[in-house]
Each structure stands twice: as structure tokens, then as C-alpha cells.
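Q: Protein chains in written order, with our numbering: chain S, 1 to 322; chain W, 323 to 617.
If you are wondering where the hints come from, they were derived from the structure by calculation, not from laboratory data.
Mixed in with the good hints there might be a few duds.
[Unchecked claim] Cross-link-like lysine to aspartate or glutamate pairs, in silico, DMTMM-like; alpha carbons within 25 angstroms at most:
1. W:K573 / S:E184
2. S:K75 / W:D478
3. S:K163 / W:E604
4. W:K508 / S:D173
5. S:K283 / S:E124
6. W:K573 / W:E405
7. S:K163 / W:E579
8. S:K123 / S:D273
9. S:K283 / W:E391
10. S:K163 / W:E391
11. S:K181 / W:E512
12. S:K123 / W:E604
13. W:K377 / S:D167
14. S:K181 / W:E379
15. S:K181 / W:E405
16. S:K222 / S:E124
17. W:K377 / S:D173
18. S:K181 / W:E391
19. S:K283 / S:D273
20. S:K283 / W:D384
21. S:K163 / W:D384
22. S:K283 / S:D91
23. W:K573 / S:D273
24. W:K605 / S:E124
25. S:K181 / S:E124
26. W:K573 / W:D478
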Amino acid sequence: MNSLPNTSAGVDKRHSRRGSSARSTEAHNRRWADLVAALPWITPALIMIFGVVLFPAGLMFYNSTRVISRSGLDKGTAGFGNFAQIFAFPDFGPIVVRTFVWVILVVVLTVLISLALAQLLYKEFPGRRLVRLAVIVPWAASVVMTTLVVYFGLEPYFGIFNKLFIDLGIIHDPAGFGWTKQPETAFLWAIAVAVFVSLPFTTYTILAGLQTVSVDTLEAAKMDGARPARIYVNITLPQLRGAISIAILINIINVFNSLPILRTMTNSIPGYDADTIMTMIFKYIQVQGRVDYASALSVIAFIIVLIVVALYVRVVKPMKEV
Amino acid sequence: MTSATVRATQPRSRRYTKDSISLGRVIARMATGLIVLLIFLLPYITMLFASVKSKAEIRSVDPTYFPQEWHWENFVAMWTTPETPLVQNLLSTVIIAVFGTLLVLLVALPAAYYTARFRFPGRMVFLFLVIVSQMLQPAVLTSGIFREFLALGLIDTWLAMIIVNAAFNLSFAVWIMHAFFAGVPKEVDEAAQLDGAGRLATLFRINLPLVWPGIVTAIVFTFVSCWNEFAASLVVLQTAGNQPLSVALTKFVGQHETSWHFVFGVSIVAILPVVILFMLIEKRLIGGLTAGSVK
Chain S
1 MNSLPNTSAG VDKRHSRRGS SARSTEAHNR RWADLVAALP WITPALIMIF
51 GVVLFPAGLM FYNSTRVISR SGLDKGTAGF GNFAQIFAFP DFGPIVVRTF
101 VWVILVVVLT VLISLALAQL LYKEFPGRRL VRLAVIVPWA ASVVMTTLVV
151 YFGLEPYFGI FNKLFIDLGI IHDPAGFGWT KQPETAFLWA IAVAVFVSLP
201 FTTYTILAGL QTVSVDTLEA AKMDGARPAR IYVNITLPQL RGAISIAILI
251 NIINVFNSLP ILRTMTNSIP GYDADTIMTM IFKYIQVQGR VDYASALSVI
301 AFIIVLIVVA LYVRVVKPMK EV
Chain W
323 MTSATVRATQ PRSRRYTKDS ISLGRVIARM ATGLIVLLIF LLPYITMLFA
373 SVKSKAEIRS VDPTYFPQEW HWENFVAMWT TPETPLVQNL LSTVIIAVFG
423 TLLVLLVALP AAYYTARFRF PGRMVFLFLV IVSQMLQPAV LTSGIFREFL
473 ALGLIDTWLA MIIVNAAFNL SFAVWIMHAF FAGVPKEVDE AAQLDGAGRL
523 ATLFRINLPL VWPGIVTAIV FTFVSCWNEF AASLVVLQTA GNQPLSVALT
573 KFVGQHETSW HFVFGVSIVA ILPVVILFML IEKRLIGGLT AGSVK
């Protein structure tokens with residue numbers, strides 16, 4: 001990866017050092033030949049990135065300034081009317097706040113629990129491989145299906161998790177407070193599910209980081225009589241910086257864009273008290289039939305992600321070695 | 323593996339985690355491990371038990387932890403439940419995942435190989451585009467995707483979802499395979515070309531066997547991601563019969579009489595093959611996954 005920045009520039013320099021202008025046109029031609037030779041290999045990927053990722057993004061920006069009927073007809077320009085509509089929506093503020101609460105809580109809890117989990121899975125003990133395999137399961141299982149079983153388990157009266165909580169003495173009412181029927185509790189349970197399904201990837205990324213922690217420094221610290229907690233904070237954690245910062249970045253993008261958990265958990269609750277930006281986009285498309293409002297909100301979401309990721313990359317520099 | 327002699331001959335680096343830990347500590351680790359294992363499997367054990375209960379038992383106000391009777395015939399009966407055409411939904415999931423993965427491989431493999439092996443003007447621009455498309459996810463682009471495929475006349479078709487899934491998994495596949503190709507010494511290619519092998523032959527006969535682990539990792543990740551995709555399918559696929567399981571199953575929520583035993587029977591069938599696939603590459607998840615980013 002380190003040799004990337006001086007690739008094409010390197011070719012230039014080599015040729016210009018030789019001197020004459022005839023040589024530089026030759027270099028020019030050679031660069032073109034290099035590009036033409038590369039095209040058959042990268043064009044399919046380019047078509048796909050432009051056609052299915054960047055074009056819809058552009059279309060979304062365009063649609064956010066148009067009036068589009070329920071049947072999909074473009075009825076002319078809306079200026080910033082769609083955005084004005086969204087800002088004027090009384091639940092918009094709470095939805096944005098809830099989106100940030102959602103991302104911050106899920107990512108922070110995920111990383112903290114994953115650090116502990118990775119530490120356990122790094123240590124050797126009989127049966128470790130089985131535990132490692134079990135930790136993968138929520139990663140492979142469909143998020144919708146995992147959410148459905150939690151939703152089912154929390155159903156009033158016949159939910160099996162409610163019964164478990166009663167038997168453990170945590171709650172006393174078999175209705176389980178109607179956890180999935182009220183926006184606040186359903187939202188909190190959605191956070192719990194989101195953390196649960198984010199743990200495998202994060203734990204494995206940190207585990208990969210742990211493999212690269214220098215054993216010599218750990219042993220040296222141990223010889224000096226440092227306590228395990230101090231060794232972890234002063235020696236292990238700093239060396240995990242790369243793995244943790246990459247895991248956080250990918251989690252921020254994934255959790256912000258996450259739809260299935262909240263939608264499965266809270267879609268049957270009337271009103272907008274458990275919505276994030278992402279579920280609201282889908283309510284605009286599917287409930288209200290307003291692709292134009294949805295586009296405007298998507299643009300807002302996109303700009304928020306971009307700013308958050310840019311700030312994060314600038315402050316944390318997760319890829320400084322790449 | 324655990325005998326004392328083997329332990330003694332292992333390199334220094336292994337000893338840190340092995341030497342002189344007390345039996346008590348081993349038991350503590352095993353106990354914690356067992357709790358972790360149970361917590362991670364709990365939802366899926368719940369699914370399995372729920373899938374074999376009778377409808378009366380699953381809707382009982384005094385729920386049972388273990389099924390009183392194991393109704394394995396649920397796994398036959400569930401396919402004809404009236405809520406959604408489950409057979410078609412499963413077929414949809416399988417077709418979209420299989421062809422989506424094939425398309426990713428077809429497009430990503432040459433790009434990853436060439437960008438890892440050859441320098442050309444615009445190479446950095448290409449790799450930058452790959453990273454940008456990683457940041458954009460279908461959920462945030464649904465309105466654009468919807469309008470585009472509507473205009474193309476592809477709305478509500480499997481082809482649309484195959485293309486969408488392939489496009490959004492492309493960047494990860496390129497990235498991971500690029501890292502693996504970059505790890506193969508260039509001399510290997512040069513030797514092959516001296517022997518008269520063309521570029522395609524060099525790629526397929528010489529490089530592929532060497533980077534096979536990276537390709538398998540990319541395939542599994544793409545497949546799992548296509549298999550579980552939700553957001554774009556929700557908007558692009560409107561006919562019940564075209565929808566994949568991930569979308570179809572959400573229709574059971576909020577129904578007056580939800581057939582939960584069928585929901586979880588189908589879930590078990592859908593989850594099992596993917597879990598097995600993931601377990602096959604478990605060792606590679608530590609390391610291979612982050613080969614390009616974490617050093």
C-alpha cells in the first residue's frame with residue numbers, strides 16, 4: 001500500500017530525466033497506452049460504480065429539488081421546497097436527535113463490549129473455538145430474523161423472554177410492560193439488538209488487532225511487575241488503536257444506515273416517536289408515497305454521514321498507515 | 323496439543339497465554355466462555371424451539387421454555403402459510419444471492435488483480451472511487467435506485483436486485499482481493515510471463531491458487547450480504563412472490579394471529595447454510611478480513 005502515491009508520477013520522472021522533448025511525447029503516449037491496457041480490466045467495475053452507486057446518488061440529489069407525484073411523475077421544480085417541508089415537520093428535530101443517540105449508543109456499547117469479548121477469546125482455554133464460533137452466528141444470521149425473535153420473545157403474555165425475566169425476578173408483570181408496543185422501550189430494545197449484531201464483526205476486528213500486539217513488550221511489562229489492568233491500558237490498548245479506529249468507522253457507517261432492526265421493531269407503532277432518519281426515509285416512500293421528500297431527507301442523511309465520517313477521519317486518522 | 327512437551331517446544335510468543343496460569347483461572351475463563359456462548363446462541367435456540375412448537379403452544383399465555391411436543395411437520399406445513407409465498411421468497415433469496423455473488427466475482431476479480439499488479443494513470447482515482455462507493459449504502463440511496471430502475475423498466479425484478487447487490491458489495495470484494503493479490507511477489511508473474519504465459523493465463527493458473535483464501539473470503543462476505551439484504555429489496559421488489567425472505571418475514575409482525583412457529587422454521591432454514599459458510603472461514607476472519615487496513 002505504501003508504494004501507491006508515487007506510481008504514475010514515477011513513470012513521468014523516469015522519462016523526463018532522460019531529457020529531450022521527443023522523449024516526453026513518447027512518455028505521454030506510453031501513459032495513454034498504460035491506461036488503454038488497464039481499461040478492459042477495470043471498465044466493468046467502473047460501469048457498476050457509476051451506474052448503480054454514483055448515478056442513483058446524483059438522481060437522488062436531483063429528485064430532492066423536484067415535485068414528484070405519488071405515481072412517480074415529475075411535475076417540475078420544487079426549489080428547496082422539499083427541504084422546507086422536511087424542516088417544517090414537527091418531528092424532524094427529535095428524529096435527528098434520536099438518530100445521533102442511536103449511532104452513539106450502539107457504537108460505544110458495541111466497542112466496549114467487543115474489547116472485553118476479544119480479550120476473553122484471545123486467551124487460551126478449552127472450548128475457546130466453540131465460543132468463537134458461537135460469537136459469529138449473529139453476523140451470519142439475517143438481522144431481520146434476529147430482530148424478529150427478540151420481538152417475539154418480548155410479546156406481552158406469551159413472549160418467552162418476558163417469562164425468563166419474570167423467573168429471574170427482573171420484572172413482575174407478564175405483559176412485560178408491552179415493551180415492543182411503546183416507542184421508548186421498543187427503541188431501547190432496538191439498540192440492544194443493534195449492539196448484539198454488531199459485536200461479531202467488531203470483536204473479530206479487535207481480535208485481529210490483538211494478534212499483532214507485540215508479545216515481547218507484554219512480557220517485559222509483566223517482568224517489571226506491572227498489574228494486568230495497567231498493562232492493558234498502557235501497552236495493549238495503544239497497539240489496538242488501528243483495529244479499534246477502523247472498527248468504529250465501519251460501525252458508524254453501518255449503524256447510521258441501519259434500517260431493518262428499527263423497522264422490524266417499531267414499524268407497527270403509530271406515530272414518529274421511535275423513528276430515525278433512515279426509517280423516516282422509508283415512511284416517506286412507502287407510507288406517504290413521497291419520493292421527493294424521501295430524496296431530500298436522503299440528501300440530508302448523506303451530508304450528515306459525510307460530515308461525521310470526514311470529522312472522524314480527520315481527528316482519529318484511522319488510515320494513516322494505508 | 324495440550325501435552326506439556328508440546329507446550330515446552332512452542333515458540334516464545336505462544337507462552338505468554340499458556341505459562342503458569344492456575345487451574346482456577348482456566349475454569350473462570352471456561353465459565354465466562356460458556357456464558358458468552360449461551361448469550362450468543364440464545365436467540366437462535368429460541369428460534370429452534372419456537373419452530374417446532376404447535377400454534378396453540380406458541381401462543382399460550384404461559385409460555386414454555388422447551389417444546390412439549392416436537393412438531394417437526396411444521397417444517398413441511400410452513401411453506402404453504404397464507405401470509406406470503408415462502409417457497410418463492412426462498413427462491414428469490416437464493417437466486418439474488420448466487421447471481422449477485424457471481425457478478426461481483428466477475429467484475430471485482432480482474433479489477434483487483436490489475437490494480438494490484440500494474441501501474442497506470444488514474445489508478446489512484448479508481449481506488450478512491452472504490453472507497454467512496456463503500457461509504458454509500460443502498461439504504462440512503464433507495465429513492466435514487468428506485469427512480470433509476472423504474473426508468474429502466476427493471477423495477478420489481480430479480481435482475482435489478484442482482485445488479486444492486488453486486489454494485490454495493492463490489493468495493494469490499496475489490497479491496498480484500500486487491501490486498502491478497504498485492505501480497506503475491508511480482509517475480510511470480512514475471513517468471514510466468516518469461517515462460518510465455520499471457521496475462522489471463524498468469525491470473526488464472528499462477529495467481530488464483532495463491533490468493534484463493536482471499537477470494538473465498540470475498541465470496542462468503544458478498545454472499546452473506548446479498549442473502550440478508552433488506553433496504554433496497556424493500557423498495558425495489560414490490561410483488562410478494564419476488565421478495566426475498568428478509569422482506570417477506572417482516573410481514574408477519576403485527577398480524578392478528580402471527581404464525582411465529584412458521585416464521586422461525588423458515589428462519590432456521592435460511593440461517594443454517596450461511597452460518598456453516600461463515601464457520602468454514604472462521605480462521606480467516608482473524609487477519610484476512612483486515613489484511614488491507616490493519617497492520
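Q: Now look at each hint and say whether the structure bears it out.
A: Consistency of the hints with the structure:
Simply put, W:K573 and S:E184 have alpha-carbon atoms about 22 angstroms apart, close enough for the 25 angstroms limit, and the pair holds. Of the pairs offered as hints, the one joining S:K75 and W:D478 holds, with about 24 angstroms between alpha carbons and a cut-off of 25 angstroms not exceeded. As the CA atoms of S:K163 and W:E604 are separated by approximately 34 angstroms, the hinted pair breaks the 25 angstroms bound. Note on W:K508 and S:D173: the hinted pairing is violated, with a Cα-Cα distance of about 68 angstroms set against a maximum of 25 angstroms.
Note on S:K283 and S:E124: the hinted pairing is violated, with a Cα-Cα distance of about 48 angstroms set against a maximum of 25 angstroms. Note on W:K573 and W:E405: the hinted pairing holds, with a Cα-Cα distance of about 7 angstroms set against a maximum of 25 angstroms. Of the supplied pair hints, the one linking S:K163 and W:E579 holds, its CA atoms being roughly 20 angstroms apart against a limit of 25 angstroms. Note on S:K123 and S:D273: the hinted pairing is violated, with a Cα-Cα distance of about 43 angstroms set against a maximum of 25 angstroms.
Restraint check for S:K283 and W:E391: the C-alpha separation of about 41 angstroms exceeds 25 angstroms, so the hint is violated. Among the hinted pairs, S:K163 with W:E391 is consistent with the structure: their alpha-carbon atoms are about 19 angstroms apart, no more than 25 angstroms. Distance hint between S:K181 and W:E512 is unfulfilled; the C-alpha atoms sit about 65 angstroms from each other, more than 25 angstroms. Restraint check: the Cα-Cα separation between S:K123 and W:E604 comes to about 17 angstroms, which is no more than 25 angstroms; the hinted pair holds.
Distance check on the hinted pair: W:K377 and S:D167 sit about 23 angstroms apart at the alpha-carbon level, within 25 angstroms; holds. A threshold of 25 angstroms between alpha carbons decides the hint, and for S:K181 with W:E379 the separation of about 22 angstroms falls inside it, so the pair holds. Pair hint S:K181 plus W:E405 holds up; C-alpha atoms about 22 angstroms apart against a cutoff of 25 angstroms. As the CA atoms of S:K222 and S:E124 are separated by approximately 18 angstroms, the hinted pair is consistent with the 25 angstroms bound.
Distance restraint check for W:K377 and S:D173: the Cα-Cα separation of roughly 23 angstroms lies within the 25 angstroms cut-off, and the hinted pair is therefore satisfied. Pair hint S:K181 plus W:E391 does not hold up; C-alpha atoms about 30 angstroms apart against a cutoff of 25 angstroms. Proposed proximity of S:K283 and S:D273 is supported: the alpha carbons are some 13 angstroms apart, at most 25 angstroms. For the given pair, S:K283 sits about 36 angstroms from W:D384 by alpha-carbon distance, which is inconsistent with the 25 angstroms threshold.
Between S:K163 and W:D384 the alpha-carbon distance is near 8 angstroms, which keeps this suggested pair within the 25 angstroms criterion. Taking the CA atoms of S:K283 and S:D91, the gap is about 13 angstroms. The hint holds against a cut of 25 angstroms. Between W:K573 and S:D273, the direct Cα distance comes to roughly 21 angstroms. Compliance with the 25 angstroms bound is thereby established for this hinted pair. Pair hint W:K605 plus S:E124 holds up; C-alpha atoms about 15 angstroms apart against a cutoff of 25 angstroms.
Taken as a hint, the S:K181 and S:E124 pair is broken in the structure, with Cα atoms around 43 angstroms apart against an allowance of 25 angstroms. At roughly 18 angstroms between alpha-carbon atoms, W:K573 and W:D478 fall within 25 angstroms of each other, so this suggested pair holds.
Of the numbered hints listed earlier, those contradicted by the structure are 3, 4, 5, 8, 9, 11, 18, 20, 25.
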